[in-house]
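Got chain A; can you put chains B and C on it based on the hints?
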Amino acid sequence: MRLKESYISRRAFLSRLLGGWLAALAGLVVYPVAKYLAPAEAPDPPFILLPARDYLSIPANSTKTFSWGHKMGIFMKATDQSLRAFKGTCSHLDCNVAYKPAERRFFCPCHDGWYDEQGQNIAGPPPRPLDRLEVRVQGEKLIVHQPGVTLPPEVLA
Amino acid sequence: MTRLRAWLGARIDLERIEAYMRSKTVPHHRHSYLYYSGGVLLFLLAIQVITGTLLLAHYRPGEDSAFESIVHLVSKVPMGVYIRSVHSWGANLMVFFLFFHLFSILLYQGYRQPRELTWIGGFLLLILTLAFGFSGYLLPWNQLALTATKVGTDAPRALGPLGLWFSLLLRGGEDITGVTLSRFFALHVWGLPLLFFPLLGLHLFLIQLQGVAVPPGIERKEEYSELPFFPNFLYRDLSLWLVVFGLVVSLAVLFPWPVGEKADFLAPTPEHIKPEWYFLFLFQPLKLFPGNILGVSGETVAMILIILVGLAAFLYPLIDRGAHQGKTPFWLRLLPYLAIIYFCAMTLWGFLS
Amino acid sequence: MSVWAWFLSLMTPAVTFAATPEAPLPLLLDPLPDRLLFLVILWVFIIALVIVLRWKVSLADALFRMMPLNQRGSRKKVKVGESNRDSIPGPPGRD
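Protein chains in written order, with the working numbering: chain A, 23 to 179; chain B, 1478 to 1830; chain C, 122 to 216.
Okay, chain A solo, but in the shape it has when bound (with noise of 0.2 Å):
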């Protein structure tokens, strides 16, 4: 079928062809570059095990800290003896947080951020409480664990 008119000129059919494979086949490239250089957070672990003895053994109204991945955990033994965990992140700008017991307040020094005992934002600039974690004593074991994870039974025993 011979065309004698047509929209487009045969220089710019043939110039936006060679484009867009080109784009296309960059693409193909670029992106795996892109998730090399930037890979994707790596997840927070399930749970983790701490010495009991180590962490229960605090006074009241005091914390500890431990490992939560690469990030800093925070435990805490609050005035009536009850067993908390928070992830030590500020929800500002990831700056590790401090537990003032006389205040009973957490304080975070870059923004001058503070939080209650419960991990609830109350004043300065972080928009969302402290992520929180579940205790959990199994004998000698202290389990912390993200809320709604399900244990493997080897760590209950």
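Heads up, a few of these hints could be off.
[What the hints assert, rightly or not] Simulated restraints, written as ranges between beta carbons of each label pair:
id : chain 1 : residue 1 : chain 2 : residue 2 : range
1  : B       : F1674     : A       : P61       : 28 to 34 Å
2  : A       : P65       : B       : L1825     : 48 to 54 Å
3  : C       : V161      : B       : E1651     : 51 to 57 Å
4  : B       : K1764     : A       : H92       : 49 to 55 Å
5  : A       : L178      : B       : E1651     : 52 to 58 Å
6  : A       : P174      : B       : G1650     : 48 to 54 Å
7  : B       : G1650     : A       : P123      : 52 to 58 Å
8  : A       : H92       : B       : L1782     : 52 to 58 Å
9  : C       : D155      : A       : A56       : 15 to 21 Å
10 : B       : E1651     : C       : D155      : 44 to 50 Å
11 : A       : H92       : B       : Y1819     : 52 to 58 Å
12 : B       : F1674     : C       : V161      : 32 to 38 Å
13 : C       : D155      : B       : F1674     : 36 to 42 Å
[Stated by the list, open to error] Quick list of in silico lysine to any residue cross-link-like pairs, SDA-like style, CA-CA up to 25 Å:
id : chain 1 : residue 1 : chain 2 : residue 2
14 : B       : K1553     : C       : F159
15 : B       : K1751     : B       : L1731
16 : B       : K1553     : A       : L59
17 : B       : K1553     : A       : D66
18 : A       : K57       : B       : K1698
19 : B       : K1698     : B       : R1810
20 : A       : K57       : B       : V1548
21 : B       : K1553     : A       : G42
22 : A       : K57       : B       : E1545
23 : B       : K1553     : A       : P61
24 : A       : K93       : B       : A1534
25 : A       : K93       : B       : V1554
[Unchecked claim] Far from chain A, by Cβ distances over 12 Å, these chain C residues were calculated:
id : residue
26 : P152
27 : L153
28 : P154
29 : L157
Because the hints were derived from the structure by calculation, they are not lab data.
Note that beta-carbon positions come from the ideal geometry of N, C-alpha and C, so glycine has one too.
Relative to chain A, chains B and C alone:
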């Protein structure tokens, strides 16, 4: 686009650049497919630089971290195994095309006057590329790398006190240790590039000035035409680069480079150890030399021979002085073919044994 | 050139099979079918690009004529082949 052109044109003499680009031509004859080998090498170099830079984001040099960082790279970093494999396969392909390039220049006497300097620069680039390969090989700090480097850095010792000094220089001491790794890493990532790129610039600049050589027979009979570089030769160049790219990626994706086992000084040397294929032409002949020749160790004789041959190859344009006048003696015209046969034979023999 | 592209894409697995390294560790590799699919897509693009770059006029010409470009509308039309600048420059004498 035209506004950008106008803006630039008011500041830079675009006309002169474009006039040059329009005037650049490449000889076109029945052997002009050989001209693409240089461009392919340039493309492979670019791939090596890019993948090498990406690898730098994760590689940690050091006796206790190098191997582990490679393990981490290929098992935990997304696409890490492919980036690394592209780098390893790319290196091998680059050396392959390098010998193809060298032998083709030798065959059509591209080194003849006025292009002697291009040959000399090119030969130095060959040495540097092999140095890149040798230094890079140690970096994963696996058993294969350790053994290969041990043999390679021991060889100079056959050349007396100077050879011993050179061996100590390479190793950073009597044995291969973390010190060796540090200096090989520094060489591979900084030292060799510092030497390589200016030399490459000179090599390419000379080619821009003088154009590529036409095989003597074809030049005499004027059996060639001139192909415009822009866009004709460039489009063909780019097509070939695309295919080479596909080749490297296919190799990397289908046959990922192995990690091996961590370097262990106390492990016995594996039985059928041999160097990477592109060093076989140097090491395989060592097996042919008897232990002692007239009281001198066979290895020393072989090393001296290798150096003499290397020197001769380096200065080849001066040996084949009459080439530009067609006065190459018969035995010199035969030499490139013998060299190719020797190279292929030694490499194949080493590979299969 | 595209003939060479076909040749190389078929030769690659055959030639490199002998040089297959062994990977002792569990590498973060996608399963083979995924990798093969990626390579197929990659080579399709490469061959398409090589064809357009080398035999631009003849094959792309055929593609061009196959497209439903005779549509009604108010856009301005170009006479096909009217000026000889209406094609990508090829080697001298060829069009």
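Verification of the hints:
For the pair B/F1674 and A/P61, the beta carbons lie near 31 Å from each other, so the given range of 28 to 34 Å is met. With their beta carbons about 50 Å apart, A/P65 and B/L1825 fall inside the hinted range of 48 to 54 Å. Between C/V161 and B/E1651 the beta carbons are some 52 Å apart, a value that agrees with the proposed interval 51 to 57 Å. Range check, B/K1764 to A/H92: about 52 Å between beta-carbon atoms, so the 49 to 55 Å window is met.
Range check, A/L178 to B/E1651: about 57 Å between beta-carbon atoms, so the 52 to 58 Å window is met. As the Cβ distance of A/P174 to B/G1650 is approximately 51 Å, the hint placing it in 48 to 54 Å holds. The given range of 52 to 58 Å is respected by B/G1650 and A/P123, whose C-beta atoms sit roughly 56 Å from each other. For A/H92 and B/L1782, the Cβ-Cβ distance of about 57 Å falls inside the hinted range of 52 to 58 Å, so the restraint holds.
Between C/D155 and A/A56 the beta carbon distance is about 18 Å. The supplied range of 15 to 21 Å therefore holds. Against the hinted window of 44 to 50 Å, the Cβ-Cβ separation of B/E1651 and C/D155 comes to about 49 Å, which satisfies the hint. Checked against the given bound of 52 to 58 Å, the beta carbons of A/H92 and B/Y1819, roughly 56 Å apart, stay inside it. Here the CB-CB span from B/F1674 to C/V161 is close to 37 Å, well matched to the stated 32 to 38 Å.
Taking 36 to 42 Å as the suggested C-beta distance range, the pair C/D155 and B/F1674 conforms, at roughly 38 Å. Restraint check for B/K1553 and C/F159: the C-alpha separation of about 21 Å stays at or below 25 Å, so the hint holds. Between B/K1751 and B/L1731, the direct Cα distance comes to roughly 24 Å. Compliance with the 25 Å bound is thereby established for this hinted pair. The hinted pair formed by B/K1553 and A/L59 meets the criterion: a straight-line CA distance of about 12 Å does not exceed 25 Å.
The suggested pairing of B/K1553 with A/D66 holds, with an alpha-carbon distance near 15 Å, which does not exceed 25 Å. Proximity of A/K57 to B/K1698 is assessed by CA-CA distance (about 56 Å); at most 25 Å being required, the pair is judged violated. The straight-line distance between the Cα atoms of B/K1698 and B/R1810 is roughly 19 Å, inside the 25 Å bound, and the hint therefore holds. About 18 Å separates the Cα atoms of A/K57 and B/V1548, which keeps this hinted pair within 25 Å; it holds.
A C-alpha spacing of about 33 Å is found between B/K1553 and A/G42, which places the hinted pair above 25 Å, so the restraint is violated. A distance of roughly 21 Å separates the Cα atoms of A/K57 and B/E1545; the hinted pair therefore holds under the 25 Å criterion. Among the hinted pairs, B/K1553 with A/P61 is consistent with the structure: their alpha-carbon atoms are about 9 Å apart, no more than 25 Å. Restraint check: the Cα-Cα separation between A/K93 and B/A1534 comes to about 22 Å, which is no more than 25 Å; the hinted pair holds.
Restraint check for A/K93 and B/V1554: satisfied, since their Cα atoms lie roughly 19 Å apart, inside the 25 Å limit. Distance check for C/P152 against chain A: the nearest CB is about 16 Å away, which clears 12 Å, and the non-interface claim stands. Every C-beta of chain A lies more than 12 Å from that of C/L153, the closest at about 17 Å, which supports listing it as non-interface. Separation of C/P154 from chain A is adequate, the least Cβ-Cβ distance of about 17 Å exceeding the 12 Å criterion.
Separation of C/L157 from chain A is adequate, the least Cβ-Cβ distance of about 15 Å exceeding the 12 Å criterion.
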